[in-house]
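Enquirer: First to last, the protein sequences are chains A and B. Quick note: the first sequence uses our numbering, first residue 1, plus one each step. Quick note: the second sequence uses our numbering, first residue 1, plus one each step.
Hints are computed from structural coordinates only; laboratory data are not their basis. C-beta: ideal position from N, C-alpha, C; glycine also. It is possible that some hints are incorrect.
Calculated cross-link-like contacts (lysine to any residue; reagent style SDA-like; alpha-carbon spacing at most 25 angstroms) [said to hold, decoys possible]:
(1) B:K36 with A:E271
(2) B:K655 with A:G32
(3) A:K99 with B:G76
(4) A:K98 with B:S494
(5) B:K454 with A:S103
(6) A:K140 with B:K454
(7) B:K316 with B:T359
(8) B:K579 with A:K27
(9) A:K99 with B:V419
(10) A:K266 with B:G76
(11) A:K27 with B:S443
(12) B:K247 with A:E271
(13) A:K154 with B:L660
Here's a subset of chain B near chain A, in silico, CB distances under 10 angstroms, partners left out [as the list claims (entries may be wrong)]:
(14) E50
(15) P52
(16) F75
(17) S78
(18) V320
(19) N323
(20) N379
(21) F410
(22) E467
Partner residues aside, some chain A positions facing chain B, computed with beta carbon under 10 angstroms [claimed, not checked]:
(23) I11
(24) I57
(25) K61
(26) R122
(27) L159
(28) R179
(29) Y187
(30) T194
(31) P197
(32) Y239
(33) Y256
(34) N260
(35) K284
(36) G287
The chain contents come next:
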Amino acid sequence: MDTNSLIKEAIDNINKATSSEELESYKAKYLGGGSEINRYLKTLGAKSPEERKKHGIFLNKAKSEINDLLRVKINEINSKELEPIDISTPGLREPLGKKHPISVAIDEIAEIFARLGFIRRRYNEIETDWYNFEGLNIQKDHPARDEQETFYLKNGLVLSTHTSSGQLREMDKGKLPIRMININRCYRRQSDITHTPSFHQFEGLAVDKNISITDLKGTIDYFFKSFFGPNTKSRIRPYNFRFTEPSFEVDVSCTYCDGNGCAICKEGWLEMGGAGMVHREVLKNGGISPSQYSGFAFGVGVERCVLIRSGIPDLRLLYTQDIRILERL
Amino acid sequence: MDILITHSWLADYIDTTAAPDDIAKALSLCALSVNKIENSSDGDSIYHIEVPPNRYDCLSVFGVAREVAAVLPQFGFSANLKPLKEINLNLPTKPNKTLGIKLDKDLAPHFYMMVLDGIEVKDSPQYIQERLLKSGMRPLNNIVDVTNYIMLGLGQPLHAFDFDKLESVSKNKDVKNIILRKSLIGETIVTLDGVKRAIPEGSIVIADSKKIIDLCGIMGGENSAISRKTKSVILFSQTYDPVLVRKTSMALGLRTEAVARFEKGIDPEGVLYSLKVAAELIIKTANGEASSELIDKTSIKYQPTFLTLKKEKADKLIGVKINDEKVTSYLSLLGFKILESDNVNFKVEVPSWRQKDVTGEEDLIEEIARLHGYHNLPNTLLTGQPPSELPESKFQLENTLKSVLIGQGFFEVYTSPLVSKMEGDPSLALTNPLGSEFSFLRSDIISSISNIAKNNLRNSQRLRIFEQGKEYLELPDKSVSEEEFIAVSMVMDSPNRQQQYRIVRGLIESLFSKINVGNYRFSDFSEFSGDIVNTAYDKKTAFVVVSNDDKIEKSVYAVGGVVEYNLWSFKINLSKLSKANRKEYRFTTPLMYPPILIELSLIAENSTKYAEVEAEIKNAGGEFLETIELIEIFESKELRASGKKSLNVQLAFRKSDRSLTDTEVSPIREKIIKRLEKVLKVDLRK
Numbered sequence: 001m002d003t004n005s006l007i008k009e010a011i012d013n014i015n016k017a018t019s020s021e022e023l024e025s026y027k028a029k030y031l032g033g034g035s036e037i038n039r040y041l042k043t044l045g046a047k048s049p050e051e052r053k054k055h056g057i058f059l060n061k062a063k064s065e066i067n068d069l070l071r072v073k074i075n076e077i078n079s080k081e082l083e084p085i086d087i088s089t090p091g092l093r094e095p096l097g098k099k100h101p102i103s104v105a106i107d108e109i110a111e112i113f114a115r116l117g118f119i120r121r122r123y124n125e126i127e128t129d130w131y132n133f134e135g136l137n138i139q140k141d142h143p144a145r146d147e148q149e150t151f152y153l154k155n156g157l158v159l160s161t162h163t164s165s166g167q168l169r170e171m172d173k174g175k176l177p178i179r180m181i182n183i184n185r186c187y188r189r190q191s192d193i194t195h196t197p198s199f200h201q202f203e204g205l206a207v208d209k210n211i212s213i214t215d216l217k218g219t220i221d222y223f224f225k226s227f228f229g230p231n232t233k234s235r236i237r238p239y240n241f242r243f244t245e246p247s248f249e250v251d252v253s254c255t256y257c258d259g260n261g262c263a264i265c266k267e268g269w270l271e272m273g274g275a276g277m278v279h280r281e282v283l284k285n286g287g288i289s290p291s292q293y294s295g296f297a298f299g300v301g302v303e304r305c306v307l308i309r310s311g312i313p314d315l316r317l318l319y320t321q322d323i324r325i326l327e328r329l
Numbered sequence: 001m002d003i004l005i006t007h008s009w010l011a012d013y014i015d016t017t018a019a020p021d022d023i024a025k026a027l028s029l030c031a032l033s034v035n036k037i038e039n040s041s042d043g044d045s046i047y048h049i050e051v052p053p054n055r056y057d058c059l060s061v062f063g064v065a066r067e068v069a070a071v072l073p074q075f076g077f078s079a080n081l082k083p084l085k086e087i088n089l090n091l092p093t094k095p096n097k098t099l100g101i102k103l104d105k106d107l108a109p110h111f112y113m114m115v116l117d118g119i120e121v122k123d124s125p126q127y128i129q130e131r132l133l134k135s136g137m138r139p140l141n142n143i144v145d146v147t148n149y150i151m152l153g154l155g156q157p158l159h160a161f162d163f164d165k166l167e168s169v170s171k172n173k174d175v176k177n178i179i180l181r182k183s184l185i186g187e188t189i190v191t192l193d194g195v196k197r198a199i200p201e202g203s204i205v206i207a208d209s210k211k212i213i214d215l216c217g218i219m220g221g222e223n224s225a226i227s228r229k230t231k232s233v234i235l236f237s238q239t240y241d242p243v244l245v246r247k248t249s250m251a252l253g254l255r256t257e258a259v260a261r262f263e264k265g266i267d268p269e270g271v272l273y274s275l276k277v278a279a280e281l282i283i284k285t286a287n288g289e290a291s292s293e294l295i296d297k298t299s300i301k302y303q304p305t306f307l308t309l310k311k312e313k314a315d316k317l318i319g320v321k322i323n324d325e326k327v328t329s330y331l332s333l334l335g336f337k338i339l340e341s342d343n344v345n346f347k348v349e350v351p352s353w354r355q356k357d358v359t360g361e362e363d364l365i366e367e368i369a370r371l372h373g374y375h376n377l378p379n380t381l382l383t384g385q386p387p388s389e390l391p392e393s394k395f396q397l398e399n400t401l402k403s404v405l406i407g408q409g410f411f412e413v414y415t416s417p418l419v420s421k422m423e424g425d426p427s428l429a430l431t432n433p434l435g436s437e438f439s440f441l442r443s444d445i446i447s448s449i450s451n452i453a454k455n456n457l458r459n460s461q462r463l464r465i466f467e468q469g470k471e472y473l474e475l476p477d478k479s480v481s482e483e484e485f486i487a488v489s490m491v492m493d494s495p496n497r498q499q500q501y502r503i504v505r506g507l508i509e510s511l512f513s514k515i516n517v518g519n520y521r522f523s524d525f526s527e528f529s530g531d532i533v534n535t536a537y538d539k540k541t542a543f544v545v546v547s548n549d550d551k552i553e554k555s556v557y558a559v560g561g562v563v564e565y566n567l568w569s570f571k572i573n574l575s576k577l578s579k580a581n582r583k584e585y586r587f588t589t590p591l592m593y594p595p596i597l598i599e600l601s602l603i604a605e606n607s608t609k610y611a612e613v614e615a616e617i618k619n620a621g622g623e624f625l626e627t628i629e630l631i632e633i634f635e636s637k638e639l640r641a642s643g644k645k646s647l648n649v650q651l652a653f654r655k656s657d658r659s660l661t662d663t664e665v666s667p668i669r670e671k672i673i674k675r676l677e678k679v680l681k682v683d684l685r686k
């Protein structure tokens with residue numbers, strides 16, 4: 001039989017086939033290792049290069065056509081043989097894990113500030129008195145230390161009570177301008193319904209020429225709108241911290257009552273953290289001239305952001321060790 | 001510090017039409033946080049105000065009134081601060097009481113005192129009692145109440161003693177001498193609250209010739225307290241060295257209203273005035289009269305401070321330009337005197353009650369900005385060049401690893417690194433722990449995660465958890481280190497130990513491959529010294545993953561093993577792993593010709609390691625051997641009885657430019673089988 005009739009026969013047979021078994025047998029017959037087409041292909045080696053090329057191309061093309069046809073027919077027959085499915089059966093799921101809401105928030109905070117050019121840091125948790133207090137204008141015996149509830153280690157080391165300890169670490173690198181977002185674990189010596197001895201904060205620090213209060217306002221407003229939603233409002237109010245002058249408290253409009261006032265907020269506002277313009281002594285301690293440069297800094301609790309956004313009622317749930325609760329966080 | 005200010009009392013000092021809500025809002029936005037307005041039963045409003053440490057000038061009703069008068073006009077309300085009334089005390093021409101004092105002037109820079117006679121100690125007038133109660137203080141008697149009333153009203157702590165309880169100098173009971181000095185070692189006092197206290201050395205005290213009568217700035221002594229029988233009262237008004245007062249108070253853990261004011265600051269221009277007001281009120285409520293001179297031991301004269309504000313600097317720091325009229329108005333309302341003003345500068349005098357707080361140009365700028373209202377300032381974003389530095393790569397590395405774990409069904413947990421007791425190095429103990437529960441920094445993250453796993457075995461069928469956190473260590477040179485880890489715990493379904501290990505190892509391999517770390521090996525503990533071996537692991541299963549790169553120092557990337565029956569834990573040292581060489585991804589074309597697969601069922605001695613088998617196969621496999629895969633380790637009773645195991649492996653042979661044929665592969669297969677037999681005594685299963 002010449003190759004043309006062989007190919008025609010193959011196509012006819014496949015078209016007429018009615019079962020998948022039949023198609024399997026044609027596949028072996030026309031395309032299998034011992035098939036006539038393959039045997040013919042092996043004889044091409046003895047022919048002239050032009051002949052070899054001509055026949056080779058022709059036969060390979062025919063083979064791929066037969067192959068395609070087989071696939072179409074197999075699909076056709078299979079779909080007739082299959083039972084219909086019950087769309088209402090539940091899906092089978094591979095169990096997925098979950099990133100902890102604190103981590104989700106930290107990633108998001110880093111991402112939002114990255115859009116504004118802030119570099120993420122995570123400085124050490126064990127700090128010297130200088131970075132946590134003295135260098136931030138909080139001298140020994142100053143009443144401002146009372147509020148810090150500090151854990152001490154020997155050799156005068158402390159567990160960072162705030163992410164502000166990263167301010168001088170960043171300035172020490174000696175590069176200006178600075179846009180830093182230090183997100184880290186902090187420690188305070190207190191444990192009750194609204195405090196865990198270990199918690200997280202994020203600290204923003206910007207130092208450059210001509211940084212103003214309006215820049216601080218704009219930056220934190222951008223963050224809170226990104227994090228809590230575009231309708232969120234933010235404001236700053238006067239406060240006092242040793243390492244900023246002026247200093248502010250930062251509020252956002254309550255996400256529960258949309259700023260109308262409820263049991264969770266104060267007159268429609270939620271206190272989120274502290275902020276201010278970097279104190280000239282701190283700039284000096286960081287080797288930066290306060291007459292040429294200014295800066296802002298702010299610090300906010302990560303857990304507080306998580307609770308407000310998620311409606312998780314108790315801070316301590318975030319530190320749960322019960323997998324049943326963890327799965328629901 | 002939180003204070004309570006009653007609206008009716010505030011109205012003594014200020015005229016305004018503003019309602020309590022308006023006052024609270026204006027104060028919160030421009031001066032002090034009003035956390036709450038409480039309505040008292042008599043229809044009064046009580047403001048709960050948070051006073052930051054620098055605003056000591058607001059620790060009184062009058063101080064708050066001063067602020068209210070400054071901020072209300074910014075909200076369209078009229079508000080006038082009433083001038084404080086002048087006091088003219090009738091002092092005796094011939095004093096019948098004499099009080100001498102020897103005083104260390106560094107300890108008490110301002111010091112005034114006087115004696116009042118003919119006192120009738122009784123309950124205070126109703127209005128004083130009510131105001132004290134509404135401010136959170138308990139009324140006692142008209143003398144003590146007046147001192148408290150003046151402290152709350154004007155901010156100056158005062159103290160009253162019973163003159164007759166002091167030791168007399170001679171037989172004349174109308175002449176007494178006292179001394180104000182630093183305390184010596186071992187002195188004690190029974191304070192007004194009835195508690196006997198050992199006085200820290202160097203505290204400021206007042207004593208007569210026999211006893212200490214006052215723990216200055218903190219609390220008086222019981223031995224000289226005002227009682228219902230008191231007829232003659234000594235009244236003190238003064239300032240103390242704030243650091244000394246604070247030190248003593250902290251050492252004793254004794255915080256009082258007086259300490260809170262003395263340690264932060266007192267208006268030096270109000271010390272004498274407060275004494276006069278108190279004396280007048282005592283005379284009025286206790287029918288007394290002045291019976292001594294007004295004794296003035298003040299050693300420093302008030303020196304005002306002057307500051308210069310550069311207008312340009314103010315505009316730059318605030319971010320908007322505030323015109324001169326407004327600046328003048330804001331500063332004047334807050335009690336600053338504008339001495340000079342030109343196109344460039346303002347020169348101002350700081351009011352006496354703000355002297356400790358307002359010391360620099362930025363402080364003045366704050367005063368202007370807050371009165372202008374931060375809420376009235378626009379929001380802007382930073383305009384300069386951002387830093388050119390690239391992000392730190394460690395954060396991406398951590399997140400990649402965590403994503404893989406989450407995709408594999410792991411839940412992330414957060415725990416506290418503060419633990420109750422620490423295994424291993426006890427040097428990282430807190431010197432002031434919070435109970436025994438939070439007394440050490442953990443040196444081993446595996447215990448935390450494994451404990452959580454163990455406690456949840458009942459609650460979860462398929463427990464898979466991880467935590468990112470630190471381990472804290474003291475190094476041999478006494479410095480401390482914190483290293484970042486990801487710790488993982490998982491419960492296995494299969495009871496087969498070998499299978500469990502392969503699952504854990506596979507997970508670690510997936511994690512490392514996702515971050516392109518390739519040059520490492522799994523090893524047992526034998527090549528490491530003891531300190532890496534964690535007591536948490538079952539020794540027979542414990543493994544380490546170490547770097548296999550000549551170019552970097554030998555590092556332990558991970559440690560793991562069985563912690564309990566079918567519970568495995570391991571930790572990955574992120575600090576070390578982040579230093580590993582990470583191969584950059586490069587596309588390579590896959591081999592397109594189909595491989596020839598052969599499967600070998602091998603019987604090996606139990607002691608033979610898979611790695612040895614693999615090495616020999618590689619040895620004999622030649623250039624076409626592409627991969628070796630361990631399909632299964634097969635065990636059976638019979639095999640075990642003969643000390644053997646069966647390994648099913650699949651080998652793939654492939655050539656990049658054409659298909660291999662069976663005839664090419666079968667001699668290689670034979671060669672491999674012979675080699676295994678010869679070197680490892682491994683046979684094909686029959």
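Enquirer: Hint by hint, which ones does the structure fall short of?
Expert: Hints 3, 6, 8, 11, 12, 13, 16, 17, 19, 23, 24, 25, 30, 33, 34, 35, 36 contradicted; others consistent.
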